[in-house]
Amino acid sequence: MATNAAQAPSGRLIERVTELAIQAFLWAFRIVVVLIVVVGSILTLAQGRYSAAVWVDLAITGAALGSIYALVALGYTMVYGILRMINFAHGEVFMAGMFAGYFTAVALNNMGVLNANPLASIVSIVVMILVAAALSTVVSLIVERIAYRPLRNAPRLVPLISAIGASFVLQYTFRGFFGPGVYAYPPITILDGKAPIPFIDIQWAEVLVIGSAIAMMIGLYLFVMRSKTGTAIRAVSEDQSAAALMGIDVNRTIVTTFAIGAALAGAAGVLYAQLFHQFNYFVGFFPGLKAFTAAVLGGIGNIPGAMLGGLFLGEIEMIGPVLFLTGLGVPAANQLKDVIAFTMLVLVLVFRPQGLLGERVTRNRA
Amino acid sequence: MTSDAVATAPLETGTEAVPSIIAWRDVIRIGLIGAAIAIYLCLVGIVPVFHERQLIAGVITLGQVALFGSMALPGAFAARKASTLRDALLTGAVAGLITGLAVTLLVVVGSVVDLRVMFLNASPELYSMLTMGMGTAGAWIPAVEGLLLGALAAGVGQLPDRIRSPLVRGLLAVLVVGLFAGLLRAPLLSAGLGSLSAVLFTSDGLTVVGAVLVFSVVVLGRVVRQRVAVGERIAALPDERRQQLRIPAIAGLVAIVLILPLLLGPFFAQVIALVALYILMAFGLNITLGLAGLLDLGFVAFFAVGAYTVGLFTSTAEYGLLDIPFWLAVPFAMLFAAIFGAILGLPILSIRGDYLAIATLGFGEIIRLLAGSNLLLPLLGGPRGIINIPKPFEVPSTSFFSGPGQIYYIALAFAVVVAFVAWRLRNGRIGRAWIAIREDEDVAEAVGINLIQTKLLAYVLGAAFAGLGGAVFAGLVGSIFPSSINLFVSINVAAIVIVGGMGSIPGVALGALFLIGIPELFREFADYRFLFYGMALIGMMLYRPEGIWPSGIARRELHVEDESQVILAGDTTPITRGGMS
Chain A
8 MATNAAQAPS GRLIERVTEL AIQAFLWAFR IVVVLIVVVG SILTLAQGRY
58 SAAVWVDLAI TGAALGSIYA LVALGYTMVY GILRMINFAH GEVFMAGMFA
108 GYFTAVALNN MGVLNANPLA SIVSIVVMIL VAAALSTVVS LIVERIAYRP
158 LRNAPRLVPL ISAIGASFVL QYTFRGFFGP GVYAYPPITI LDGKAPIPFI
208 DIQWAEVLVI GSAIAMMIGL YLFVMRSKTG TAIRAVSEDQ SAAALMGIDV
258 NRTIVTTFAI GAALAGAAGV LYAQLFHQFN YFVGFFPGLK AFTAAVLGGI
308 GNIPGAMLGG LFLGEIEMIG PVLFLTGLGV PAANQLKDVI AFTMLVLVLV
358 FRPQGLLGER VTRNRA
Chain B
10 MTSDAVATAP LETGTEAVPS IIAWRDVIRI GLIGAAIAIY LCLVGIVPVF
60 HERQLIAGVI TLGQVALFGS MALPGAFAAR KASTLRDALL TGAVAGLITG
110 LAVTLLVVVG SVVDLRVMFL NASPELYSML TMGMGTAGAW IPAVEGLLLG
160 ALAAGVGQLP DRIRSPLVRG LLAVLVVGLF AGLLRAPLLS AGLGSLSAVL
210 FTSDGLTVVG AVLVFSVVVL GRVVRQRVAV GERIAALPDE RRQQLRIPAI
260 AGLVAIVLIL PLLLGPFFAQ VIALVALYIL MAFGLNITLG LAGLLDLGFV
310 AFFAVGAYTV GLFTSTAEYG LLDIPFWLAV PFAMLFAAIF GAILGLPILS
360 IRGDYLAIAT LGFGEIIRLL AGSNLLLPLL GGPRGIINIP KPFEVPSTSF
410 FSGPGQIYYI ALAFAVVVAF VAWRLRNGRI GRAWIAIRED EDVAEAVGIN
460 LIQTKLLAYV LGAAFAGLGG AVFAGLVGSI FPSSINLFVS INVAAIVIVG
510 GMGSIPGVAL GALFLIGIPE LFREFADYRF LFYGMALIGM MLYRPEGIWP
560 SGIARRELHV EDESQVILAG DTTPITRGGM S
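So the sequences go chain by chain: A and B. Quick note, my numbering runs 7 ahead of the 1-based positions in the first sequence. Quick note, my numbering runs 9 ahead of the 1-based positions in the second sequence.
Isolated chain A (complex conformation) (with noise of 0.2 Å):
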């Protein structure tokens, strides 16, 4: 008895301790951060290496990756709005559209309409785009029906390995269709060379690429908010029974969620291999990755938050490591850009899991 009652004492100090240090680790874990990027941003203009319009240019490469980083996180944020799960296989429906666009656009450059004049190749871009968004589409129903349809009510981590699986399964179904190699989209005339905007360096294929995106979120919000398919989305992601009561078809709200996530996806891959032309089967990996981060900095499960996040992303990754890094004396800087996406998604998992604009839903008690 005696032993027992000096025993806990002790031991709830040793846990006081422990707790205190893990605090401690953490705030030094943050200031270490803030110090690296505001020492190296101070530093990086202070050597003064990069002149304005370098900056400019490299914030316009942002935005473009940033908004395709937004379209893919689009389907993120939905699917896990309304199911509470992470469809880790959606950086491969990104990748399907790719594929599908890169055969469209080939059969309409073998036809000679892709480059036969402007008008000719917009048309070209759209039905490159649609093919896409079509394909990502079935690629993603199936992959609902057969990978996650059944788990809806298993723990948690179920549906992500399967998910994860299903992933795998994508990219190497499309490998042994389509083999390992790089496929390059055949070039489109009138997106080379910059943009008549004054004082701003700008690729025509950039202008596309922000143009289409913007357009299609800005459809995505009012379809969302406006339409009554998108009243349902949101009353289902609300409250699944709730919305059954009310005589909302949760089963076909759901496969309509994952469509549209997949439709933009599938456009998005289009637009991505318009900035970076080369592509093979695991193209997915990493954007879906990021795009993901791209989801959880905007607050998981709100539109505007994968938006917002997708920008934000795109804008850190390019600029971050020049201004970050190189004032520190980081030999090519470039390399790490991943490296600051990945910091960035676990900083904002462990310093703001609700993300610019959610709520707090990464936390266990949600």
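Simulated from the structure, these hints should not be mistaken for lab results.
To give an idea of the interface, some chain A residues facing chain B are shown, with a C-beta separation under 8 Å as derived from the structure: (1) Leu164; (2) Ile168; (3) Ile171; (4) Phe184; (5) Gly186; (6) Val357.
Built from N, CA and C at the ideal position, the CB exists for glycine as well.
Add chain B to chain A, keeping to what the hints say.
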């Protein structure tokens, strides 16, 4: 009247007058699914690539098995509800025919349009294989094959279990022995039984004699077993007798495991050394994932720390710092990996499960990118890596233990240690705390478990063993490059634990054997390894989320009735059924 007759028909089966009903919609649907699978197998390359591998020399290849399987299975499946033999054959034949027709269609379309501009595998070789070398003129062949195989499979399904079961097992045995022919041949050759081996095996498959022999042995064995009822006799034995029987069985297994590299020769020794290494790492992750339920997809981060520590401490080449023996470096590898585990784990362990998985995935990538970056180039050698890492034991190069054999035993010994640690911890206070956290964090916290500290311990232990795995890997390969630090190490290890059975030691060992051993053995599988992984992960989650050989607790918790499923679902806002709570 007719509708009445139809409605009551199932009650009158057996009477000749009433025609039985066949659910044609279901049959057609099954046929179409089979068709999709068959086309998929052809175009994804499994059929043509596996066709290069003889299963029974001159009779059937692995690719044909895949193709015929995709035709026979719809037949068996469509006929499973049929009440009479005639119905069964009919439905099976129709389902098989639909599948076969799809393949025929593929051949016809392929001869008109060049599908190869999109699908690399839609090659003349594929068409020639599908039509048995006849080209377009033989386009009817797959359809007939489908018809016959579908009907055959349906017919087999109608046989009484007494006959069907030995038959199916015999065929499966031929398939398995044929697959592992190379592996089984090696000990025969090294034992000087080359002539016996030549009768049974070709270089990568069975001979006809071998196949017949395997089939008859298995069928006979099965029949004898049914007569003698071995299983029931063992089950009927008193507990003590069963315990006594188990000891020689385990001893035999251990003996086989110990002499395995000697039996199999150098090539297979390399493979099993890798399997042993993955068993070691999977046992480590088993603590983090299997016991505490933390899905760590950044396992490779700590693997990298361990491998680079050993590299830096022992390498005699550039970047080597200390030039100390391997064994002195191993504790440091574990220590540094554990410290990294604590540093990375502390901030993220309060994050919920699925987010934790993604965050750790991010860590793995961060470490990989840093290892290859110019930033750490002066320290870690960048893409050139660290070379000249000494072997753990320096033995003359003629000795058997100079190569992978040595690593096999070292990895196995470490694996036993890790398994022992995990087993002792599981049955202690901390193990129960981990399992409580895995089950329900809120309840665990409510009963006074400190979540962060308990999780951190599991994470740090897993990291330390990952470091150990990295150290052994560095010893195995003799060098370490950033390209060895990739996501697939993490995925491999996680898949082993999940497929094998979370928290179960024999399950994890089995998982490593399946997921690492088999793909390493078959070069044909190399390109499809991760495809099969993905399918295994999905299939496991759908049908057996507790793994191949689950631990007792996992089995119980995942196969209880609905209520507990709802509780397990946590905050996925399950739809509560009326009358509950």
